[in-house]
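Undergrad: Those protein sequence lines, which keep their order, are chains A and B. The numbering of the first sequence is my numbering, which starts it at 1 and goes up by one. The numbering of the second sequence is my numbering, which starts it at 1 and goes up by one.
Be aware that a few hints might be false.
As the list claims (entries may be wrong) - SDA-like mimics (lysine to any residue), calculated; alpha carbons at most 20 Å apart, straight line:
(1) A:K27 <-> A:S273
(2) A:K27 <-> A:I266
(3) A:K170 <-> B:A116
(4) A:K282 <-> B:S27
(5) A:K282 <-> B:A99
(6) A:K282 <-> A:S127
(7) A:K170 <-> B:T112
(8) A:K282 <-> B:R28
(9) A:K282 <-> B:L102
(10) A:K170 <-> B:M15
None of these hints come from the bench; they were simulated from the model.
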Amino acid sequence: MKLLSLIHPFLALLLAPLLLGVINRVKAVFAGRRGQPLLQAYYDIWKLLGKGAVYSRTTTWVFRAGPVIGLTAVISALMVLPFAGQSGVISFSCDFVVMAYLLGLARFFTIAAALDTGSSFEGMGASREAQFSALAEPALLLGLAALAVQSSSLSLSDIFTQLNLQAWMKVGPAILLVAAAMAVVLLAENSRIPVDDPNTHLELTMIHEVMVLDHGGPDFAYILYGAALKLWLFAALLVNVLMPVQASNVPVNFAVALTGMFVAAIGVGVVESIMARLRLLKVPQLLVGAAVLSTLALVLLLR
Amino acid sequence: MISLSQTWMDGLLVMLMLTNLILLGASRLGHGIRLIAIQGALLGALPILGGQHGWTARMLFLAVITIGLKAVVFPWFLHRALRAGEARREDNPFVGHTASVLAGLVMLTVATCLSARLPTVGAGHSMLVMPVALFMILTGPFLITSRRKALSQILGYVVLENGMYAFGLVMLQDVPALVELGILLDAFVALFVMGAAVHQINREFDHMDADQLDSLKG
Chain A
1 MKLLSLIHPF
11 LALLLAPLLL
21 GVINRVKAVF
31 AGRRGQPLLQ
41 AYYDIWKLLG
51 KGAVYSRTTT
61 WVFRAGPVIG
71 LTAVISALMV
81 LPFAGQSGVI
91 SFSCDFVVMA
101 YLLGLARFFT
111 IAAALDTGSS
121 FEGMGASREA
131 QFSALAEPAL
141 LLGLAALAVQ
151 SSSLSLSDIF
161 TQLNLQAWMK
171 VGPAILLVAA
181 AMAVVLLAEN
191 SRIPVDDPNT
201 HLELTMIHEV
211 MVLDHGGPDF
221 AYILYGAALK
231 LWLFAALLVN
241 VLMPVQASNV
251 PVNFAVALTG
261 MFVAAIGVGV
271 VESIMARLRL
281 LKVPQLLVGA
291 AVLSTLALVL
301 LLR
Chain B
1 MISLSQTWMD
11 GLLVMLMLTN
21 LILLGASRLG
31 HGIRLIAIQG
41 ALLGALPILG
51 GQHGWTARML
61 FLAVITIGLK
71 AVVFPWFLHR
81 ALRAGEARRE
91 DNPFVGHTAS
101 VLAGLVMLTV
111 ATCLSARLPT
121 VGAGHSMLVM
131 PVALFMILTG
141 PFLITSRRKA
151 LSQILGYVVL
161 ENGMYAFGLV
171 MLQDVPALVE
181 LGILLDAFVA
191 LFVMGAAVHQ
201 INREFDHMDA
211 DQLDSLKG
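Looking at chain B on its own, in the form it has when it is part of the complex (with noise of 0.2 Å):
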């Protein structure tokens, strides 16, 4: 029986779906900590939308909580970092930006096949939800390993972030709150650090290439 939240939960998937193949294929570092903010607000939209019996107050504060880190507060820790650094673009990254859009389609195919062969725990919910959750997981560590820019990759530690929570949703139907809470106070510290970390690292050396920190200065 399709339903219009269902309708609705698929769309909002498939804009998940867009904006990670967007964040591949971005070069502009703003851009990409937009696309971040974006991704977050879809995210913590779908558990309201997904809901089975009605709205809860439980699961309004959840989704308030998750919008708020990571479509408000994330992008502003991240746009912080960008500010104190010089670069703003992604320019010679490993892996190219188109040839990393096509590796998303791969990423993509890969998680649909595979979220074929898992059992679906979470009826109910839309069956998209498993292959965006795994196409995200497999998108941040790509993301990490492909591009040279400390900021790019904490980028893709946050998709890989994001990834894991909408696979939360579909394996757990009823994840206590304290343990999602904490799960988000881990990725919020993690952030936390990683942006002093590069601000540190741009103090340090005038630039923020991952690549170039194994060799010694001076």
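Isolated chain A (complex conformation) (with noise of 0.2 Å):
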């Protein structure tokens, strides 16, 4: 383990709530707002944290243990990744699978504890993220396979190392397919607007936000922050599979891989921004579209 992969988890600590900055400021600016401070993320999770917690009496251990499992699991998943062209904090074969289900785990006491409240709204909204989430899963882990395959190697450190501009010049068109893919699940799995709004309050068809309804103070901080550091996991993934990093001078790479997670922030602000959100009844469709790109993806390598 080298000390320089030591520095992409403490970027991550760090910057993640200011990525839902850039979001926020970017959406502000195409509706002609001034839009809240960049900070506005930090600040809210100081405030939560200062908070006291209030527990229905209907919920048991699995309500409380819901935001801390969500949390950690989310840091864990961070350690494999590589970023900058730096490895991941911890590497072995296959790290890209454990990275995936270390996030199912996160979703699923998130799902446990929603359905713990005992509040059928809760349970309208842990379905549909059960729903959605089992779609994005394929998507996620077969544009991972197709990227395993290019460079025939398992663990996530391997593989991002190996795609090099070599590679974009060989099967460029395969790794824009993943990239595409990625995006989706990006967009999907951190319920960003073609998918779910962010922004909507008890509203029939939000997903994210009605299972997370009855948390309340440190935890809803908890809540808060993992899903910073998901959107922040999910952006370096479509930046390290988008910007190959060469140079060897590795405060260049840091600036670079930085500027990309950015403008990834700054993309969905975009997106956010110039679309609606789809019918509720279409969302499995984009995801099966997304999964579908990574199946071709997949072949395009395997010929």
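Combine the two chains into a complex, taking the hints into account.
TA: See below:
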């Protein structure tokens, strides 16, 4: 384990809420508003951490465990992710499957906590989250599998160091397909607009917000922070796919990769500003489409 | 050796695959016609980008004719037939849209496996041409059999024809221009007749559901 690989988790823990700020600022600019401060997510988390928590008598330990396990799982998933040409803190064979299912674990406990409240409204959101994430999972895993075939290695760190300019020259179209699938997964997994609207409260079609309605205080701070880290994780995956790092100059690499992260956040903001949310029935089609793109890339690379 | 033109050609072929997959999932007929137009334009551009020995006048002439027919004239005919009828969407196909896309993936896999076993005559061409051609040849009949509206079935026929055009591109390096023009003329006449037939079906029965044509009227 190299010391340099510790920089990425540190950056992620520090800067992840800023991505949310950038997205909100882009949306505000599009709407002609001044918008909330860039650091609003930090203020929110700080405010929530200072509050006390209220627990309903119908809930059990599952409800309290949900946010903690969710945040822990996402932070653990960040550890295997390479960034800016540096390998992940931990790296072993098939760690991409571990990453995908650590996120699955976080989702499972969020869903379980939502069901634990006994509210039928939260159960509805939980069932939608389960349905859509089940469809997003093949898109993510098949896309990563395609990249694994391309680099003929099974650990994320090796996969992304093999993804250099030569690979782009050789199988560029396939890598672009994977990137498109990843972008859809990024939007779906972080409940962004074509799938879910992060601004809606108490609306019948929302997904993620509805599951966390009953959480408050520090628990909700953990959920917000976990969501920001998850956004960072998927954006970092996308940046890794799209921006092969060649220069051996470490500071330049980090600067380029960080710029990529904020460009990704701006991209999400633009998508949110110019698109309407899809009808709920159309969402599975979008996710199946992403899975099809990943499969196509896999077929192209396996040939 | 990977040349830049080959990368472009791979990109073009992947886009052809994507138009095919989107066509399988498209429910609006106007959308489908636009996809066919894009597919025709991509297909016409293929020999220009895939040319080994520079551009010849004959090649450019054929490309212009192909693009003109497949990307402008065919879609125009189909749009006319679409305007004549009431139906704007393929609402209730025999195989649903999402299922069709998944079937498309299966066909794509079959095409890829099959083309790995076939001898590649057109050496120097992108290795993707054969799978794409076979994929389109499989998709055409699938669209024809799984859709209700006559117009969607015509779209299937055009995809099949596009597939054979691409197939000819691999198998025969040097087709006499006359033969190619003849094939294009055949497709043109067939589409003309089909467009007219759809028009008549619309006028006679107020719909263009091909599966209802077996019941007698009156």
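Undergrad: It remains to establish, for every hint, whether it holds in the given structure.
TA: Results of checking the hints against the structure:
1. Under the criterion of a C-alpha separation no larger than 20 Å, the hint pairing K27 of chain A with S273 of chain A is consistent with the structure, at around 6 Å.
2. This hinted pair checks out: K27 of chain A and I266 of chain A have alpha carbons roughly 9 Å apart, not beyond 20 Å.
3. Note on K170 of chain A and A116 of chain B: the hinted pairing holds, with a Cα-Cα distance of about 19 Å set against a maximum of 20 Å.
4. This hinted pair checks out: K282 of chain A and S27 of chain B have alpha carbons roughly 12 Å apart, not beyond 20 Å.
5. A hinted pair counts as satisfied when its Cα atoms are at most 20 Å apart, and K282 of chain A with A99 of chain B qualifies at roughly 14 Å.
6. For the suggested pair K282 of chain A and S127 of chain A, the alpha carbons sit about 16 Å apart, so the restraint of at most 20 Å is met.
7. This hinted pair checks out: K170 of chain A and T112 of chain B have alpha carbons roughly 18 Å apart, not beyond 20 Å.
8. At most 20 Å may separate the alpha-carbon atoms for a hinted pair to count; K282 of chain A and R28 of chain B meet this at roughly 14 Å.
9. Pair hint K282 of chain A plus L102 of chain B holds up; C-alpha atoms about 16 Å apart against a cutoff of 20 Å.
10. This hinted pair checks out: K170 of chain A and M15 of chain B have alpha carbons roughly 16 Å apart, not beyond 20 Å.
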